[in-house]
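Asks: Given the sequences, and given the hints that come with them, work out the whole structure.
Protein sequence lines correspond, in order, to chains A and B.
Quick note on the numbering used here: the first sequence kicks off at 1 and runs consecutively.
Quick note on the numbering used here: the second sequence kicks off at 1 and runs consecutively.
Note that these hints are calculated values from the structure, not bench results.
Where is the CB? At the ideal position from N, CA and C, for every residue including glycine.
Treat the hints with caution; some may be incorrect.
Said to hold, decoys possible - Here are the simulated EDC-like pairs of lysine to aspartate or glutamate, each with C-alpha atoms no more than 20 Å apart in a straight line:
#, chain 1, residue 1, chain 2, residue 2
1, A, K21, B, E365
2, A, K21, B, E387
3, B, K454, B, E474
4, A, K21, B, E390
5, B, K361, A, E15
What the hints assert, rightly or not - What follows is a list of derived Cβ distance ranges for each label pair:
#, chain 1, residue 1, chain 2, residue 2, range
6, A, E227, B, P337, 34 to 40 Å
7, B, G379, A, K230, 56 to 62 Å
8, B, P399, A, E227, 36 to 42 Å
9, B, T402, A, D83, 32 to 38 Å
10, B, V476, A, D83, 58 to 64 Å
What the hints assert, rightly or not - Facing chain A, according to a computed beta carbon distance under 10 Å, are these residues of chain B, among others:
#, residue
11, W206
12, R367
13, S386
14, R391
15, G392
16, V394
17, Y395
18, M396
19, V416
20, D420
21, Q422
22, T423
23, L428
24, P431
25, D549
26, T550
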Amino acid sequence: MTTTATKTTRFIDTELLSDLKRFGAADVSACFSCGTCTAICPLVDNDSTFPRRIIRYAQVGMRDELLSSKELWTCYQCGLCSDSCPTEADPSEFMAAARRYAIASYEPTGLARILYTRPVVGSFIAAAVAAFFAVFMYASHGPQDGASLALFEFIPEGLIHWTGVAVMVALALAGVFGITSMARRVARSEGVSLATLFGGRAQLSKAGKALWSALGIESLGQRRYREDCKDDNPVEPLYRRRWLIHALTIWGFLGLFSATILDWGLALIGVKETGTPIPLWYPSRLIGTIAGIALVYGVSMFMINRLRQVNRAAQFTTASDWLLLVLLWITGATGFFIEVALYLPNAPAWGYWIFLFHVAVAMELMLLLPFTKFAHAMYRPVALFFYALAADKSKQTV
Amino acid sequence: MSEQPDASTSEQADAGTSEQADPGKSGDRRIGVFICHCGGNISDYVDVAKVRDALKDEPDVVVSETTLFACSDGTQQEMVAAIQEKKLDGLVVASCSPKLHQITFQGVSKRADLNPYSYTQVNVREQCSWAHTDDHEGATEKAIGLVRAGVAKTRLSTPLEPLVVKTLPKTMVVGGGVAGLRAAVGLADIGLGVVIVERASALGGWVAELGPMYPNEHSGREQIDFLIAEVAKRPSITVLTDAELVSKSGSFGNYITEVRVKGSHSQMVTAEVGTIVVATGFDTYEPEVGEFGYGIDGVVTLPEFTKLVDSSKGPLIYKGKQVRTIAYVYCVGNRQPAGGNEYCSKFCCAATVHASLKIAKRDSELRQYHLHRDIRTYGKFELMYSESRERGSVYMKFPDETPPSVAKMADGRLAVTVVDTQTGNEELTLPADLVVLVTGMVPRQNQGLTSVLKLPVGVDGFYNEIHPKLRPVETVVAGVMIAGACQSPKTLSESVASGLAAVTQSAGILLKGFAELDPLVATVDIAACAGCTDTCLASCPYDAITAVDTDGRKVAEISAAVCKGCGGCVPVCPEDAIDLLGYTDAQMRASIDSLSLVKEPVA
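Replies: Given below as C-alpha cells:
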C-alpha cells in the first residue's frame, strides 16, 4: 500500500483479531488493558512483559509486533492470568492461540493454518499422509518369514533409510525457513543484529551463553517451567506435575530419536547390522525402551489431562493439538508392540503390520513437525535465546 | 395566535416608611448593644468590657452587654428576651462581618417583634480585632468608635417593610427545543400561562433530528412529537414560531415583552409575563477545513454521521461504497488548549459510542476504531461503552501532544495516523473508509437576545447561572432563568432536568401571586427634586428612574420594584434629593460624627 501522508509508519491490520479467533483466541475484546495478567504472571520480568501487551497488539491489529514478540513463547500457560482476569478475557488461552497463529504465519505453505482451522480437512490430510507412507513402503514389501521377526526383510531397510532421509531433509528445509522467518522478526524487534551476536569475542561469548540457556537450561532442563511456573494449585503430586510430564515427553522423544541414530551409527561403523536380533540390555535397545516408556507416559498423561480438562492449558483443544499427541502416542506405543513381538517366539504376523504402521506414523510425525503444535519445539528455543540475550543485556546496563 | 396581555399592571407598593425621626435628636430610643467575644477572636485583642462600659453611657442605649458567642442559640434567646423585657426598639450586635451573621440577627429581631431594619451589625472582628492584633489599646478604641457609629445609625433607623409586588402568573419560554418544551408543559401543569417563542418555523430543536437514543431506543423525533402533542393538549400554552423576542421592559414579576413574528406579514406581539425561561440551546462545532482532515471526502462530523446511520438500514454505505472500517476521532473542537473551547461537551462520547453500537449491530464485520483522549461515558453510559468494547470496537488513547492526522491514500481510502499509548509510542497508520470527527457543542450566537435580556455570558460563551450548584437556573437578571444547553453542554436528560428546575423556580416566584422585595431602595424627595433628571437617569444601571410630570412639574421617579438599592444615584443628585432607605444621608452622617467622638481619650 502506498500513501501520500505516511511512509514510515506501520499499517494496522484490521482483520488480525478476527483471524486470530480462527485459531481459538478467546474473545479478548473484553480486555481493557488493566494489566492484572502481567502483574500476576510469575514469568514476567523487566526483560519481557506479557500477556497484556500482546493482547493489545491483537486488539489494535499490530500483526508485525505480535509475530516478532519473543514473549509469545515465554509463556507456559499456567493460567494464573486467566484466573485473575477481571473481564474474563482468558489471556492464557489467547497466548496459546497466538502461538498457533504464529506457527501458521512463520511457515509459507498454509498447511499449518489448515490443520489448525479446518479440523475435518486436517484430519483427512493426516490420515492421507500416513496412508501414503504405508502404501509407498508396502509397495516394495518382501516376505514375512524367519524364525524371529525379520522386519527389514518385510520393508527393505534401505527404503526406510532413504525415505527417512528425505523426510528429514523436508523437515530441515521447512524448519530452517520457519526459524529464520521468526528469528528475523524477533531480532529486528529486539534490536539484535549479526554484529551484536558475532561481532567480537564478548558478543560471541554472550550469544553462546544465551544459546546454552535456551537449549540446555530451559529446553532440556525446563528450569523456569519447573521453578517459576506456579501452576500447581493445589499442588499436584510429582508424577502429575505439568513440567515433569512435559520433560518426560521431550526426553522420551529425544531418547528414541538418539536410539535410532545410535542403531544406524552402529551399523555404519560395522558393529552390528540394522535389524539383527539384540538383547534388551544392548545400548540402543535399552535407551529406546526407557525413552519409549517416558514418552508414552508423558503423552498419555497429556491426553488424559486434555480429556479431563484438568487445567487451563487443557481446557481448549484444537484438532491439531490432538494430531500431535496421537502421532506421538502411536509412535511410542507401536514401538513397544514391535519390541514385544521381537522377543516372542514364532514371529507373530501382526508384528509386521504394526511395524509398517509404526514407520508410516513416525515419518508423518517428523514430516508434519513444522506444521503442528510440534513446531513449538523449533520456535520456543529461538524465543528463549532472545530472552536470554535481553536478560544478559539488562544486567550489563544496570 | 396573538397573546392578549393581562390588562392589569402590577401594583408597586411604596417602601413603607414611618414617620421620620428627627435626626440627631436622642433620648427617645431604646437600643440594646451586644458585644461579642467570638470566643477570643475579638476579646483577645479588644477589651470588650471596656467597650461595653463605654457604650453604657451612650444616649438611648439601655442595654450594653458582652457575650461569649453572640450567634449561639442561648445568646440569641437571651437577646430576644432582652428586646422584649426592655422594650427595645433598636439592636446593635458588634461581632463579625454582616456577610456571616446579618441574617442571623435580623432573625433575632423578627422573633422579638422588632423590625429587622432596626438592627445594625458592627464588624469588630474582620475590620478590627483581626486587623490590629499588635495594638490592643488602639483596637479597643476603634471598636468603641465603630459601635457608637452603629448606635448612631440605629438611632435614626426607621422600621421598613418588604416591598410587595404583584406578579403575573405567566412565563415566557424562549426556545422550543426539548428543554423549552418540557418546561412549558411543566409550567402549564402547575397552573401558569406559557408563551413559547421559537425562532425556527417548527418546534423541536436538535433533538427532533435525532434517531433512536439510549437507553430505550426511542427516537429523538418520537420524543419531541410526544412533547408537542402534550403542548397542544394544554390551552394555557401559546406557541409563537418564526418568532424572536425583541424587547423587554417592566419590573420583576411584571415584564412587558415584544415578540416579532415573521411570516407573510411580519407582526409584533406584546406579551406580559412574570418570568422568562431562556432555553435557546447550542450549536455544533464546525471543524475548520484541514482540521483532522475535514474537507477530505469521507471525513464527516458526528451530526453528519448519526444522520447517515439513522437514515439507513443494513451495513453502512457511504457514497455508494460499503464502509468496512470506521475511525472516530474524539474531542474535536472541545477540550482545546487555553483560549479555545476548553470545556468538555459531555454528550459526545456517549452519542458516538451509541451510534457505533447501532451500526455494529447491523454489520458484525465492521471494524471500528475509537481514537480518543479519554472516554467519558459516565453514569449508565458506561454499560454502552462496555458493550461496545465487547462487540469488538477498539479504543485507542492517543497522547495529547501527538493527535491523529488524516490523509487520503492512493487507493482512495483514508490513512489515519495514531499513537496508541497502551502499546508504546510508535506511530501507526489505520486504513479507514470513513473518519468521524466527534464534534462537541459550542454556544449559539444569540447577540440580539443576550442584549435584550441583559443575560450574563461566561468566558466560554454560554449563559451564566448565579451559582453553579445551589442556584443553577437563576441568572443575575431577576425573574429570568436559563435551562438546557444554552447554559453549558448538556445531555438530553440533563437539559430536561434543568428545564424542570426552571419550572420550579418560576413557580416559586409566580404561584404566590406576589413577590417580596428588599425595601432598601432609593427614594426621591419630590419637594427637593429640581427636575434636572439627566444625571440620575444616566446613573441607574437598571432603568429604574424615569422623569414624570407631577403637578405640572418635571421630577424624577424611582420604581421601587426595579431599583436594586445600589445607591448609584444618591451622590450624583445636585440637590441631594435622593435618599437610600436603610442608609439615609442622615444615618451615615450621624455614624461618621459618632466615630469622630473617639478623639477624646479613653478613660
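Asks: State for each hint whether it applies.
Replies: Each hint tested on the structure:
no., hint, result
1, K21(A) <-> E365(B), "13 Å, holds"
2, K21(A) <-> E387(B), "19 Å, holds"
3, K454(B) <-> E474(B), "13 Å, holds"
4, K21(A) <-> E390(B), "14 Å, holds"
5, K361(B) <-> E15(A), "18 Å, holds"
6, E227(A) <-> P337(B): 34 to 40 Å, "53 Å, violated"
7, G379(B) <-> K230(A): 56 to 62 Å, "40 Å, violated"
8, P399(B) <-> E227(A): 36 to 42 Å, "39 Å, holds"
9, T402(B) <-> D83(A): 32 to 38 Å, "37 Å, holds"
10, V476(B) <-> D83(A): 58 to 64 Å, "60 Å, holds"
11, W206, "32 Å, violated"
12, R367, "4 Å, holds"
13, S386, "8 Å, holds"
14, R391, "7 Å, holds"
15, G392, "5 Å, holds"
16, V394, "5 Å, holds"
17, Y395, "8 Å, holds"
18, M396, "6 Å, holds"
19, V416, "9 Å, holds"
20, D420, "6 Å, holds"
21, Q422, "5 Å, holds"
22, T423, "5 Å, holds"
23, L428, "5 Å, holds"
24, P431, "6 Å, holds"
25, D549, "77 Å, violated"
26, T550, "77 Å, violated"
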